[in-house]
Structure formats: structure tokens, C-alpha cells
Amino acid sequence: MTPDDILRELYDKTLVGNAPAVLELTEAGLELGMGPETLLFDALIPSLEEVGARFERGDFFVPEMLIAGRAMSGAMNRLRPLLAETGAQTVGTFVMGTVKGDVHDIGKNLVNIMLEGAGFHVIDLGVQVAPEKFVAAIQEHQPDIVGFSAFLTTTMPMFKANLNALQKAGLRDQVIVMVGGAPVTQEYADAVGADAYAADASATVKKAKDLIARRRAAVPV
Amino acid sequence: MHTVLRSASKQVVIGHDQPFCVIGERINPTGRRIFQQQLRAGDLSAIERDVAAQVAGGADVLDINMGVPLTDEADLLARAITLVQSRTDLPICIDSSVVEALEAGLSVYEGRALVNSITAEDDRMEAILPLVKRYGAAVIALPNDHDEIPMEPEKRLELVDRIVRVATQEYGIPLEDIVIDPLAMPIGADPAVGQAFFETVRGIRDRHGINTTCGAGNNSFGMPGRDQLGASFLPMAIASGLTSAIMDARSPLMVGAVKAADVVMGNDEWGMAWIAAYRATQAAAATT
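Quick mapping for you: the protein sequence lines, in order, are chains A and B.
Oh and the first sequence: position 159 is 149 in this note's numbering, straight run, nothing missing.
To convert a position in the second sequence, counted from 1, into this note's numbering, add 10.
Errors might be hidden in some of the hints.
Which residues of chain B face chain A? A partial, calculated answer using Cβ under 10 Å [claimed, not checked]:
hint: 1; residue: Thr40
hint: 2; residue: Val108
hint: 3; residue: Gly198
If you're looking for bench data, these hints aren't it; they were derived computationally from the structure.
We treat Cβ as the ideally placed atom computed from N, Cα and C, and that holds for glycine.
Using the sequences plus the hints, can you model the full thing?
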């Protein structure tokens, strides 16, 4: 296989969520001497973008999105250490979790897939994430953004509790806070003092990129 | 075992030897922005329309949820229940995770309500079961705790055992007034959840003989052809022992599947309800 074949196949197999083939092709590409950025930016990310676009249009369904995400994650586990070595700047780091008291994770997982698909490094804390766990993860991973997900009107108040915990830990100004979930609205996000709300996975990616670009422009690193 | 629900004038019995109980689910503003704005402005007219549609579709009980962010949910739920009781004689399932809202709803409700819901968490049981007892209601219980929704049926059944023990022994709730929602999960996110659900429902029936319910739509989340999937899921669950579901009664496919399951299960004796519904459909077709 030529590098072009690898990229084309990698794109196609990611699109249909064939995790074993995606991992094999990733290995094959590396053996051919292809750079990890090439595999990521010229095959995996465009493929996941296409998956996301099809999902948005209603042409793809939840299982298709999940298996494509799983296929990409498998490749990312292989590529991430190599990418770190090359020192390529990541799009951004995103710590994500479903708030305490809430066990819904499908929406959050779809958002994670889209974020990874857009080149973000996503650290998923899972469900039922207590404020102190968010605080600890932010201290450990120094993310650009932290995302709180809630599916219930009764767990949405945890946004405020999380924000208070960040404030108390002196982290509030270091990290962009995004909120989302079925019952969440822009109005509610404003009321609790979050930096941004996004209604769906692709809106999250778009807003996350904008917010990071704005912050990086404002604060010279 | 029979769970008896009542409005001021009507009684509904849930049981393994009874026709399946359809709990109409649409009176819920979650994810409906316009409905939320109306409710926030004190306009409850959309509720009347939703109630009429659920009743026409064949609901036996109505689930009422008024979870609108940034509002006084207790006040809203109490007003909604009073309104619904003035429009229909179906018993009501009072749906909120806010304890004050459940109490406000129970205090204005005429009859014997179904409270939705508690979990296996001690604080939820401690806050809600005394209310259930005081108002003589029945209660839906979910087998999850602070840590997780266990995926293995055996672990869920252990939580059911715990709920049953605590509710009956510590709070004096009659066994027949506990309805377990074994948590139907989306098949699109994990192909194993269908079988696990059926196994849990069977386990609850075999161990405790008590009634069960579920959000019927959960199973098909994220999939195309959701009504068709629901119309398959429900009869399979019924065969495993499911006795009610919170579902959209506006779906003829799902309601039809449930009514057919009643015949097959022997819970629509001699198929009389099935035959009567068939004749009514024919008569309606003949007059148009």
C-alpha cells in the first residue's frame, strides 16, 4: 500500500467504525514512515468530521457515531504518545464529565467523539462527577476547557456547585467553562455564570475552537 | 400482585394478570422550548392539548412532569395536576425529582397517585417514602444508587431487593405499591442492554412478584424507526413480566403492539377488548 492508499483506507474504515482495520492501517502507516500528524489530520479527523456531518443531517445514527468514535479512539491511543514527542500543538485539551447525581452519558459521549474528531485531547471523567473531582482533574490536566453535562432539570444546579468549587480552588479564571445537556438553555448557562452553552455536538466543537482562539489571542503564551 | 391507582372517579389496576398499563408520557416540558416558555408565563393551555392526545391514543394513566428550569416547580406541578384532573378521570403519575414538588402534587391530587420516583439511594428514600406513606400513594423505584447504574442484571436485582426491604420494613410501604423501573437503556449505545433488561424484569417478577414499568422510548434512542422498535421491545418485555410503561400513547404502532400482547398473554379475555377495538375502527371507517 502507498501512503495515499493508507490515508484513503483509514478514512473509509473510520467512517464505518471498523476499529481493528483502523488500528492495523495506523500501524501500517507508521511502518511506512508516515508521520502521526499526517494520519491524524489527513485521514482520521476528516473522517470523523464527515461522520459528524452525516449525524447532523440525520443520515447517520447513534450506533454509527459511537463505533466510528471507538475506531478513532483506538488509533489515537497509538498516536497520542507519538504526537506528544513531535511536540505538535494540540487544538486544545477538554475535561468533560456528567455532573454529580446524573448518570446520562450518551450525549456527552457523542460530544467527546466530535471533539476528538476535531483534534481535541479529551479527558472524560465519566458520569456522577463530583465538584471536587472536576477540581482535581483541572489541576492535574490543566485543560483549556471544562465541560459539564446534565440531562435532568434536577441535576442542572450542579453547574453552579461546580463553578463555586472552581472559584474556591482559585481555578475559575484558568479554564473556560462550557455547559450542555438536553434541558440546558443559553439563559440557564448565563444564570449560573458559565462561559458558554452549546446545543449539540457540532456547536460544542465550533464554540470550543472559537473560545480557545480568542483566549490564545488575548493571552500571549 | 396488584397496584391500584385511582382518580376521584376511576380505578386502574396494574398486575401480571391485567391488561398492560399505558402511562401516557407527553405532559413533560423537557426538550420542548416553546412549552417551557408557555409554562413559565403561566400558560397551561398546551397541557390540555397533550392530555387530550394521550387519552385519545389509549393511555390508562398520565405521567405529569413540570420540570422547567428556573421556575417554582412545586407550584407549577400542583396547578397542572388540578387542571388535568378537571379534564380527565385518568389516574396520574406525579413525576418529579424535587421533593417539594412531589409533596405539592400529592397534596392537591384527588385519588391514589403513582409517585415517580425514588432510587436505591438512602437520602431519596428518606425524603420521599414518608410522603408516599402519608398520602397512601404507590411509588416507582429505580435500581441505581449514588455510584452507578449497574449494567449486570444481578446487581440491579440486588438494589431492587434493597429497595423492597427498606420501603416495606422501614417505611411501611405495602409491597404491592412498589413499582420497579428496571431502567431501559438505549440499544443503540450497547447491543447487550435489551437482553439485560428482560432478564432483570424476569428476576423482579420471580423474586418479588411486583409490578414493573419503564420509559419505553429509551430503548430506541438514537435509532431510526423508533415506533417500530418500541412495538417489538414492549411485547418482548411484557412476555418477560413488564406490566406497565411510560410511553407516548399517540403511537398507534406501540399501543397496538401492547393491546395485541394483552391478547397473547391471556390478559384480554377471549380477546374482547381487541375485537371491540377492531369493530370501532371499522365503524369509524364506514362513517367517513
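Hint check results:
| no. | hint | result |
| --- | --- | --- |
| 1 | Thr40 | holds, 5 Å |
| 2 | Val108 | holds, 6 Å |
| 3 | Gly198 | holds, 4 Å |
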